[in-house]
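Chains as they are written, first to last, in the working numbering: chain A, 1 to 509; chain B, 1 to 100; chain C, 1 to 676.
Since the hints were derived computationally from the structure, they do not count as laboratory data. Quick reminder that beta carbons are idealized off the backbone N, C-alpha and C, glycines included. Please note: incorrect hints may appear among the correct ones.
Claimed, not checked - Chain A stretches covered by chain B per the calculated footprint, using a threshold of three residues with CB under 8 angstroms from any CB of chain B:
1. 151-161
2. 170-176
3. 199-207
What the hints assert, rightly or not - Between beta-carbon pairs, the in silico distance windows are:
4. B/L81 to C/L660: 28 to 34 angstroms
5. A/G70 to C/I20: 39 to 45 angstroms
6. B/L81 to A/D466: 37 to 43 angstroms
7. B/E89 to A/E375: 23 to 29 angstroms
8. A/G430 to C/F164: 50 to 56 angstroms
9. A/G430 to C/D621: 35 to 41 angstroms
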Amino acid sequence: MSLLLQGTATDWVFSVRALLPVVLLALTGLVVFGINSLRPDGRDNKLLALTSIAGTLSALGVAIWYLLAGTGQPTHGGAISLFSGAIIVDGLGLFFTAIFTSVATLVIAASYDYFETDANPASFYSLLLLATTAMGLMAVSNSLATVFVSLEMASLPSYALVAYLKDNRGSVEAGLKYFLIGAVSSAVLAFGISLVYAATGSLLLPDIAAQIGSVGDLNGVLGVGIVMVAGGVAFKTASVPFHFWAPEAYEGAPAPVSAFLSSASKAAGFAVGFRVFATAFQPALDIGIDWGLLFGILAVVTMVLGNFAAATQTEVKRMLAYSSIGHAGYALIGLAAITAGASATNATVMGAAMAHLFVYGFMNTGAFLFIAMVERWGVGRTFEDYAGLAERAPMASLAMAVFMFSLAGLPLFGGFLSKYVLFLGAINAGFWWLAAVGAVTSALSLFYYSRVVKALWLEDATTDLDAIGDAPTGLYAAVIVAGVVTVLLLPGFGPVIETAEAAAAALFA
Amino acid sequence: MVPPEYYLVLSAAIFCIGLFGILTRRNALYFLMSAELMLNAAVINLVAFSFQWGNLTGQTFALFVIALAAAEVAVGIGIVLVLYRNFGEIDVLNADSMRW
Amino acid sequence: MVSASAYVPAIVLLPFVSFIVALFGRDNLPKRGAYGGIAATAGSLALSLWVLVSVRNGAAFQETYYTWATGVGSQPWGLTFGALIDPLSALMLVIVSLVAMLVHIFSLGYMNDEDERDLPRYYAGLGLFTASMLGFVIADNLLMAFMFFELVGLCSYLLIGFHFREPGPPSAAKKAFLVTRFGDYFFLVGVVAVFTTFGTAAFAGTESFPALAEAALNGEATVWTPGGLEVSTWFTIVGLLILGGVIGKSAQFPLHTWLPDAMEGPTPVSALIHAATMVAAGVYLVARMYGFYVLSPTTMAIIAFVGGFTALFAATMGVVKRELKQVLAYSTISQYGYMMLALGSGGYVAAVFHLTTHAFFKALLFLGAGSVIIAMHHNEDMWDMGGLKDKMPVTYWTFLAGSLALAGIFPFAGFWSKDEILYEALIHGLDEPLILGAYVMGLLAVPVTAFYTFRMVFLTFHGEPRSSLARDPHPVRWNVKGPLSVLGVLAVVTGGINMVPVQKVLGIEGIDYLHLWLDNHWGGIEGLSSHHYAELNPYSSQYLFGGEVSTVLAGAAVSLGLALGGLALAWALYNVADPAEHTDKLGGLKALLYNNYYQDEFQVWVADNTRAVAGSADTFDQGVIDGVVNGVSSVSLLSSERIRRIQSGVVSNYALLLTLGLTTLLVVFGLIGGWF
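Make a model of the complete structure from these sequences and hints.
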């Protein structure tokens, strides 16, 4: 460990060790490729799934180990800068890596059953692993160049994953829409980055921050660039007005993919947004580029649009898609409540948003995986079709009730504390209006979340549920684990929020 | 030497042409091309200001952008292919079964 | 050594666990939940005794376990759960857990042996009831107390309505719930008022609300009052608001009407409600926050007068009842009236003393009645009994001990505590007409109590059997006799914990253990001692016949004489082989007493005549409140329908909207930031 605790170093062994979670993910992706190319006709679903899970779990383990050991954190020599500062390993990066790998583990476990009959599951697992690798890179990117590259690296496998069911019109349509909006958004992001480069002459985040004070007449160019970079972040996090892909992509994609995108991919977008705006663009607040207000407006519109549009959906999956947009709005508060110079409150509110994304990673993934299970059973998609499922699958339905109430922010579950801390942080930072909108929309969200619980537990079955006999091991295990973690995050919220706030504080130090 | 503003105007113009294409074209391939055009607008900026600032960062990044654009097209073409297989055409407006 | 304080939460949690186990274990449990409940309450009792001993060794404490909400602002309030363990609560913990354990054991005989159905539900209810009451006892702040107070109310609802398939119990349960809730509304307003006034609801410490109130009255602190009201007036109002809850729960006039109906519940539940939990909760609350009540002479006088009046009023109704449990129900109301009288007239220790002795002898009487009811195959009419003395000796002798205690006959427990109450009321009442009036009513209730108690004893156990059931009673087992014996002994000897009259007359120092105990003689919490309360209370002491000793003797003689008089009358009328109903001699009074002074009818009349008010409130609720709520929801759903239409399904539209959104942002922020 001692090697890792030092500051800069150039040899590649050191770099690999510092980036070990990402490297492990990439290697696992390649191993899965390798297995498939050695036995192109063998459908080694179990072997592939186990290999993938081993990879994500070991990456998760390393990320947590580093977090606990203090690697890259102020207590142990500060952030580790690699590749001339293009990559930086610190608490924020490790924290988000833990989120991605947890979600990926759950999703892979679920996919084992979901793609049981698939012709070639190897491509699915490797796409998922490579996307996770790219997300891990997004979280440690310290240069706009690596940000763009890793973001694209995460997006491209995601498009393919959404359109993975090649013969399913919904999946293909979803993939198309996701891809087209993604292409436009990445072009906007690239253009924004080029404008920031034009104004400051650098792509490294700390250098940009240093240059912002002397942009002079080019502050307009910088401003447009920053708004466009914000657009790129908004695309990845599914925030208004770059959210249009999300409802369709989540609805049409295979449910495990929806789970992965709405939890991990969204968190990755926030990882980039938090680091870029906190590190590079904070000085821009002083020269008339008020991106805090920008994110404030986006947060309000996103919360309102996501939650309101979710309220009258007829299909559970699409409702969850919109609720996922609403949650992006909550997490945006972490960026919106940043004010120039107020390091302490900035760190608190951003840490709260990170903690919320952590909790959200489990409860939202679990909810989508429950839907994956329902899809596998062949039950319909609407609220009516879900009626009476609790009689057939009480444990899973109980877990789903936990996810719904936790997403709504009812006390008893992890989602309550994270939302509460987030809103409290916003109030303390002086942004009571963000907290107020968040509270009102949360109240509304209880309405549509409880519709699911009501259908599951209180209504009588409308359709024939005899098909539900089997309990797919992997899916069930993933749902139950997510449920248990969601419950445990209520008493165990302390360490999460402390880690998150320490990581955020290092960014503002 | 050409003043930097000119490059900005050029790249903005190309960006807008690409955007216009995206807003008006129904064929998925045109849609792809327009997106590429928008990326190239960014490339122009990067190269031009790399020269302006006297460092190679922009030029190097431009190469990355070009490579990623190619990768994006590869994935995009794949999606267009399955679109054709499922919908029988590549009109992006026809895939509208999911809405609201 | 491990300190007892660490286990205080376990006292509450053990019965709660038994509740959970009974709830989920259903019919798979041994004895269907009974053993779990007995084990849990026995554990609570053991821990309570340990706590009692550690408090005796000076380990009283207050601790906050969990802050579940903190406010924002410069002086945030914290809403907390915590424990306040001082002599008072330690004593109460022992009483509650002891009675609860005995009731659980008794239930084996009363419920299991009688093959009642749904027993897990019954034991779950008992467990939660006990846990709620124990939580209430350890509460260190008013809000926590309120929450557990409500839980106690809920449990009483569940248990009184246990036999919900019959017509009576559900209606009685609803009545109990609604009437006590009516009082609790005032309590809730009072809790809010306490928070608003003091910013805290803690019972103990220098920052507690009684301490702040005291400081405010001395002008050493400022507190919020509505509209610049006089501080003392406002404290009286707050005290009366909280008293609303007390009057409801402790069944004081005029909210006592639920209690006799609550006899519909299983008899062990009645024992628990009357002796240790629900009804005791009200009196305990006043004792708990006595430091606040003593500051307001008006409230004190009202408490005393209501108590005295209730004592007499309820006793007279007990005289004519035919059913065994009905008599006991009215005696409960009457006895809690005595405790309120004691509290109101400054006899803090006397009230706690009577609370303790009453818990034992009333639990005993109810369990004895339960035993008789088992024997009589659930016939409760005393006129069908008679002659049970020889057939169930254990029940008879223990019941007799309880009756002697209830009637206040020397030297049984009730004599000492009741005598001290009357003595306190007398010496403090000589200058205060209201207290003196309450004293007189309390004194008049003594012979009535003795009369109805022994009317009950003679009708039930003496004379010739008056029905075939009474000639051949159903035998009862150890699980009935055991609890009766324990309580019987306690009913005889509990008076010994507080021999104040003996101390005063004979001059033996140090045998007034309860006085010393509550006076923090062995340690306690600053500001919660009886001594402190005595300094604060508004009364002066006056003695008759020139001295303390003669007053003590005279008071004791008068009350004992009256009690013996009542007993003698009952003896003359009912201790005969074939007693007759003498109630007809009462004439018109009989109907009045039978119908409980038409209290129920009066309340129905009040309800009917306030229907217009309720109607308009309902209209307001339906029209305005619900209108707003429904309006908000339909506007939300309507806008939801509109908002989701943005997602048209056509990807070009998305690109257009995205572009428009981005352009708008660029233009707006460009203009704000002056980029152009």
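Original post:
Which hint numbers does the structure go against, in order from smallest to largest?
Top reply: Per hint list: zero violations.
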